[in-house]
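**Student:** What follows is each chain in one-letter form.
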Amino acid sequence: MIDKVKNGFEIRFPLYKLVREQHNYLHVKVDMVSAMDAIVMAKTSLGHNVLQLISTVDRIEDGVFQITWILENYGACTVLLISADFPRENCLVPSLSQIWPAASAFEREIFEMYGISFPGNPREGEDFLLESWKDTPPMRRDFETEEYAMRVFGERQPREHIDPRQYVGDIVGEWNTPMGRKRKEEK
Amino acid sequence: MGVNPATDPKKTTHLFFGPQHPGVTGNMSVEMWFDGDQITKAITHVGYLHRGFEKLMEKRLWIQNFPLVCRICVPEPDINEECYAMAIEELTGIEVPERAKWIRTLVLELARLAVNLMAFGGQGGTLGLGTAAMWGITFRDFVLDLFEELTGARIYHIYIQPGGVRRDLPQGFGGRVEKVLEKIEKRLPELDRLVLNNAIFKLRTQNVGVVKPEWIEEYGLVGPVARGSGSVRDVRKDAPYEIYSKLEFDVVTESGNDIFARVMVRRREMDLSISLIRQILSKMPQGPVATKLPNLTEWRVPAGEVYSRVESSRGEYGYYVVSDGSLKPRRVHVRGPSYVHAVPLLERMLVGANIADVSNIMVSLTTCPPEIER
Amino acid sequence: MKFTDVISPFLAWSRAAKKVDTIPYPNQQNPGADRYRGFHINDTSKCIGCGRCETICENKAIDMVKVEGVDPAKGDSGLRPVVDYGRCCWCALCIDVCSTGSLAFTNSYSWVTENPDTCRYTPGVDQKPWDNQEKGFRQNNDVLGWAGSPREQMEIETPEKRIENFDEVVKGYTIDQAMEEAARCIQCGLCISACPAHMHIPDYLKAIAEGRFVDAVKLFYDNNPLPEMCGKVCTRQCETVCAMGYQGESIAIRWLKRFACEQFESLADVLALDAQPGEPNGKKVAVVGAGPSGLSAAYYLSRKGYEVHVYDRLEKGGGVSWYAIPEYRLPADGISKQMEVFEQAGVIFNYGKDVTKELLTDLENRFDAVYLAVGLQKPSDARIEGEDISEVKPAFDFLMNAPDKGQKLTGKKVIVIGGGNVAMDAARTCVRLGADVVLSYRRRIEDMPADDEEIHEAMEETIDFRPKTIPIRIERTESGIRYLYHEAKMVDNPKGGRPLPKPKDDVEHAVDADILFSAIGQTSDIEFIPESMQKGMKLKWGRIIVNESQYTGYKNFFAGGDITPGEGDAITAIADGLRAVQGIIDRLR
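Chains as they are written, first to last, in the working numbering: chain A, 1 to 187; chain B, 188 to 561; chain C, 562 to 1150.
None of these hints come from the bench; they were simulated from the model. One or more of the hints may lead you astray.
To be verified - The list that follows gives simulated cross-link-like pairs (lysine-lysine, DSS-like), each with its CA atoms no further than 30 Å apart:
id, chain 1, residue 1, chain 2, residue 2
1, C, Lys621, B, Lys370
2, B, Lys242, C, Lys621
3, B, Lys373, B, Lys389
4, C, Lys1056, B, Lys246
5, C, Lys607, B, Lys479
6, B, Lys479, C, Lys696
7, B, Lys373, C, Lys973
8, B, Lys242, A, Lys29
9, C, Lys779, B, Lys515
10, B, Lys479, C, Lys732
11, C, Lys621, C, Lys580
12, B, Lys366, C, Lys579
13, B, Lys479, B, Lys242
Bear in mind the structure is a predicted one, so any value in this text is a computation, not a measurement.
Full structure from sequences and hints, please.
**Tutor:** Here it is, written out as structure tokens:
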């Protein structure tokens, strides 16, 4: 069953990248321009007509958001994951809410959590989880939860705590070597 | 300037249902506009229970996420552990010993039985049948006693781990499971008489909260919600994980499309779980229950992406796990069935519904906010 | 709508007459299940304060703190976990990873207190009602193996093959094996407390686990200039306290050190700028003896800018530990590889100089400070009747004279007396030379001071172990010698300590042989020290007593290694050298 899907990709998107393949599971990666065509093809001609999930991975080191659409074929119980990278700056991803009504909720969440805009989603910007959030979208890798908590809620009284490794080194004089290696300060 | 007739303040009543309301499942709220007692528009609001699980998971070691993922679902935590463990096993290639697979399936079915008991009683509860809710909770407690004995905890078991389970079955556990099953089986007819053979219950649930079969693929509906509308989709059968392929069972399906059909699916699921647990206990092989893991604090899961899925009591449950080869997950995305059930589907189903049926419909969809706002 | 549907709900009333399912709390309270995850207990005498529980706790509910009455010791940090129940989620990860298995849950789950501060307490130290509760969630390392895992196995030559030649017995780790093995380290640092030189063990294990082998070598050289030798023949006290060794096998710290050194053809190139002479400060230090202690002192003094001259009676550096250790344990090419580093660091070697009174007087006059690290030269007397027979020889002398080069003992029968590493080396060398070997030791095998792995490997190599044998005498026979002994039984030592061997009966057992090697230790010979110097030093049992910076009390003389009392192994000698460096720097300041 999954071979047919793979075939479809080989014919239409010869440059696709195979991420993972099993007997009822296929994960492909296409370029951002082909993403919509691939999804429409999967829905209309490959039988993967159910949208299960839209997910985002912040690949900050590559400067991209990887969007993954997970489509299922309920009859054959096969899963098809289609991924595409979109540039992180002013990220715009086509909306699927015209094709699947359920996509709107996923897209609203991603808009809040990553700041990715889905033009074409009529309910974009409507509060979903985070009411009146003003900070960096929280699921981005560059949003530091601890730093945010310190800034917003104030610093927590540190508790007494000793790192055994440093403590043992201090007691036995591990750092009193002739060449004077520096004690590693705690993170 | 046209006024939206659905929300025209002159004609409609505007009401928030929840987040603090005994009739709401968990902490969520539905904003509704009424014309008389007919709902003209509904918007689901979530976020009252948002604890940033997915963000937190990116900051913790792979193993440290097990005490976290189970907290996504209170009544049925094991599916989360199972799904997350399956994803890690897929990425690392860790093998699960045969006996561990059987024990995992046993735990999953016990949990399914417990949650169905609670949901079945709870459905009565929404219609004022408090006794049914009490009985459901009580029967579930018998199963929780078993969990306490097996895992050391009643609710958050933290029992399934990559490569197996954390402990073997205690001596004579199978016998005690059988006793509880007999007890529940003996008492279930009482619950049936109270709920299913109840004129009021039937009037309030039949032809109410209709899920049209064409919505299943349109919205991606799963579990009892889909199976109450004629679907025969069950991950246990369609893409068997653990040892479901070695068990004999038929997928439970009803064709009523309404709340009553979904309740019937849950009721028959209980019988199915009991039968599956008996099969598991009679065929359980001997052997080790866990594969040795590397040093947990230096455990790097090879880079890769995987979507693992299991069948929860509410339907297909998926984990999309991405590893970049480091000590911590890069991304864990939890796809709970409630996401589509409680947001797009509920918003559509409530239009035209009666105000008195809102919580009835919500409970029949078993909407669970923690799955929406992980 | 059926009529029964109207009636049937009312049948629920029948429940009213039946027994209830709930329990009348608080008059009846169900105990937690046997495995219940209730409150923590900790056996503080078993706990070693490794902090594993703190590391694994995802809620930061556990902190390691100092505890009154528990002092840091070798292999025990003296810290104990304090648990904050405001954060604990009872996941029991801390229980399952506890390296000694001291931490556990009880099945108590009910606790009422008016003071919320008591909800943060140190289990086992702060008394709680459930301290003696026997039931509850306990670790089961047989199932999980989270608290201790087996060692990464490396290839070892089979006994049949290895007795045919002097090739190295232990082949060493491959890169993958080494990285896996090093990744088993839990970074508790207890090993540092046991290592006499306090090497940065967790840091270099981490470096190896992450594939940073250059960093690892640089970390070795911070306080041990002989890592490859230590990587092969160290007594590895670190491994005896390894937290992973309680429920699994300790990390193979020694083999990993060897592994990192073996990754490089030249250690001198790897260290490059990190092994250069320091800015000259115009001061000169003489080091007598090119063994581990002398070399360590020489290396770091030279790095600090001192002009260091090393004197040794042998023709090569490395001392007796290198000469006497057979090739199959420590091949010679590794030695020259390490010696290059010393030369690069500017140490000047004077080989073939007999250490005499004249030399010492000369050094006293020409140098600002002298470090005596001459070791032990004289084999101990066996004190057995007949030990002056010419076929009875000290094993140490035999090993020193490169027995692997040319000698043959084919068909001969050899007896070795002793249970230390020298005895093992002599016995195993003889086997390789073709002899039949009987090894006689007074006590039990577990009492032998030799390294466990050495004993194990020796037993595989067809050596006839005769533990619990008390020598009586050695007689000359027509064809060779006869060794007579009593079989021993172990009796308790009235003064405490190890049990003593006592003859079981009067029966004299005899073994005929061609040669007998006695390997019962070496003693010092301090005749080379001029009397005037001896008077300024504190001597005891032929050894020099020094203070904590290895100072002898006589002018600028320092001493270390086996000539001073101590454990008598290489790493202790290296540690002496390190202390002497600091002592000399302070004294010459």
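**Student:** Please go over all the hints and tell whether each is borne out by the structure.
**Tutor:** Here is what the structure says about each hint:
no., hint, in the structure
1, C:Lys621 with B:Lys370, "42 Å, violated"
2, B:Lys242 with C:Lys621, "17 Å, holds"
3, B:Lys373 with B:Lys389, "23 Å, holds"
4, C:Lys1056 with B:Lys246, "57 Å, violated"
5, C:Lys607 with B:Lys479, "24 Å, holds"
6, B:Lys479 with C:Lys696, "26 Å, holds"
7, B:Lys373 with C:Lys973, "85 Å, violated"
8, B:Lys242 with A:Lys29, "24 Å, holds"
9, C:Lys779 with B:Lys515, "29 Å, holds"
10, B:Lys479 with C:Lys732, "26 Å, holds"
11, C:Lys621 with C:Lys580, "45 Å, violated"
12, B:Lys366 with C:Lys579, "19 Å, holds"
13, B:Lys479 with B:Lys242, "28 Å, holds"
In the structure shown, a violation is registered for the earlier hints numbered 1, 4, 7 and 11, in ascending order.
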